[in-house]
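Given next are the chains, with one letter for each unit.
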Amino acid sequence: MDLEALFSQPVPGDYFAPGAYVQGDLELGTLSNRRGNRLLAIPEYLVRAIYGGLEQEIGKAAPLVLQNCGRHWGQHFFARLSEELAEYYGKPLAELTMQELVYCLTRCWQVHGWGQLQFDWSWHTAGMICLQNQYSPWVKPNSGDGSPAAHVEVGLLEVLFQHITGRQVQCVQISCISLGHPSNQFLIGLPERLEPVADWVKSGLAAAAILERLRQ
Amino acid sequence: MNRTALNLLNTAEERYLEAEEQQQLWQYFQGMNTRIKVYEELRSQEAQIFRPVARQIQNTADETTILTALRAWVGALRGAALAMVLDDPELFQQRVGEWYQARPAHPLHPKIAQLLKAQLKTVLGAQGWPLFAPFWEQMQRCLCTAHT
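Top line first, the protein sequences correspond to chains A and B. The first sequence runs 1 to 216 under the working numbering. The second sequence runs 217 to 364 under the working numbering.
It should be emphasised that the hints constitute simulated quantities derived from the structure, not laboratory data. Warning: the hint list may mix true and false statements.
[Unchecked claim] Below, simulated SDA-like cross-link-like pairs (lysine to any residue); rule was C-alpha separation at most 25 angstroms, straight line:
no.: 1; chain 1: A; residue 1: K202; chain 2: A; residue 2: V11
no.: 2; chain 1: B; residue 1: K253; chain 2: A; residue 2: V11
no.: 3; chain 1: B; residue 1: K337; chain 2: B; residue 2: R231
no.: 4; chain 1: A; residue 1: K91; chain 2: B; residue 2: T281
no.: 5; chain 1: B; residue 1: K327; chain 2: A; residue 2: K202
no.: 6; chain 1: A; residue 1: K91; chain 2: B; residue 2: D278
no.: 7; chain 1: B; residue 1: K253; chain 2: A; residue 2: T125
no.: 8; chain 1: B; residue 1: K333; chain 2: A; residue 2: N68
no.: 9; chain 1: A; residue 1: K91; chain 2: B; residue 2: K253
no.: 10; chain 1: B; residue 1: K333; chain 2: A; residue 2: P10
[To be verified] Derived Cβ-Cβ restraints for the label pairs, each shown as a range:
no.: 11; chain 1: B; residue 1: N218; chain 2: A; residue 2: D2; range: 46 to 54 angstroms
no.: 12; chain 1: B; residue 1: Q264; chain 2: A; residue 2: P12; range: 17 to 25 angstroms
no.: 13; chain 1: A; residue 1: P12; chain 2: B; residue 2: E234; range: 41 to 49 angstroms
no.: 14; chain 1: A; residue 1: E87; chain 2: B; residue 2: Q246; range: 34 to 42 angstroms
[To be verified] To list a few chain B residues with every Cβ distance to chain A over 10 angstroms, as calculated:
no.: 15; residue: Q246
no.: 16; residue: G341
no.: 17; residue: Q356
Yeah, the Cβ is synthetic: ideal placement off N, Cα and C, and Gly gets one too.
With the rest of the complex left out, here is chain A:
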């Protein structure tokens, strides 16, 4: 048994461990991650200001534009995530176990201040993954006009899971903190499976009722 290799190599742990992942350089006035990639602390008011500005300038097209922003972000996010994790763990992202990948994603959300991400795999029989994000910074609590509004998150998660699953999955938001719900909740699955879900959301059906229908 080659124990020497075990002792001579680093044993990687939690890439996104708080305290180790975010580093600051006071002299330069910059924040970066442990690989040296720059990070920004964006104030909540800037997010609101961007939404407000978009709403004013392009009105009803704002949700679509925000979702597209999320998709573009998702492309870059996945590229960077897979590069960083592959370098740190010494193996491609595809070789991480599901537990490791889910843990990394959850921690990534936590450490960047994007909220508390939770995965619910019990919908796999319906061909879907259910994701919840508590404390999402992308929507203002109790500010909604009747429909879910985490458009950036929808775009981001959609592209992220397209890369992870290698399928053209879609993401539909079924509950939103802007509507007074406790978390943003998303269903991710193939478009044909999600088609009725999108219609149910449009008709104002509550998340619990949507999930109940999917169980039947």
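With the hints as your guide, set chain B onto chain A.
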């Protein structure tokens, strides 16, 4: 650095420490001397600690399975050793503990835990082991608790 020491240092930014606070800080840094010696034992004796453990489980599974299980203990022990130097259980939990807790418990872990504990007690001796013991308990809980 543990929370008490960090709070003391933060307090010292605003005013001089009271005699009792100063004493607490002094004890923390004095204790670090001994803790670094225990760390050095763990660092320099890593192979001697793990080899007998590996020998005793070599027939219980295939080599890859054994190496995977041992690798987790090597990683956790390194993390626990650093947390011991800083006397900071939270550091272990945040940097290492949660990572291992999120993974499924390995069937070899209970046996490795039993053998490794005996080895650590022998290597660290009656002086070193009590300093490391709380961190051992913490790492053992993380690795041996069944995960869902």
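Checked hints:
1. A:K202 x A:V11: Answer violated: A:K202 to A:V11 is near 48 angstroms, above 25 angstroms.
2. B:K253 x A:V11: 22 angstroms, holds
3. B:K337 x B:R231: 43 angstroms, violated
4. A:K91 x B:T281: Roughly 18 angstroms between the alpha carbons, so the hint for A:K91 and B:T281 holds.
5. B:K327 x A:K202: 55 angstroms, violated
6. A:K91 x B:D278: 22 angstroms, holds
7. B:K253 x A:T125: 55 angstroms, violated
8. B:K333 x A:N68: Not OK: B:K333 and A:N68 at ~54 angstroms, beyond 25 angstroms, violated.
9. A:K91 x B:K253: Judged against 25 angstroms, a Cα distance of about 35 angstroms means the pair is violated.
10. B:K333 x A:P10: Given that 25 angstroms is the threshold and the Cα spacing comes to 22 angstroms, the pair holds.
11. B:N218 x A:D2: 46 to 54 angstroms: 37 angstroms, violated
12. B:Q264 x A:P12: 17 to 25 angstroms: Since the Cβ atoms of B:Q264 and A:P12 sit about 24 angstroms apart, the hinted range of 17 to 25 angstroms holds.
13. A:P12 x B:E234: 41 to 49 angstroms: 43 angstroms, holds
14. A:E87 x B:Q246: 34 to 42 angstroms: 40 angstroms, holds
15. Q246: 25 angstroms, holds
16. G341: The assertion about B:G341 holds, with a minimum of 22 angstroms to chain A.
17. Q356: 16 angstroms, holds
The structure fails hints 1, 3, 5, 7, 8, 9, 11 (numbered hints given earlier, in ascending order).
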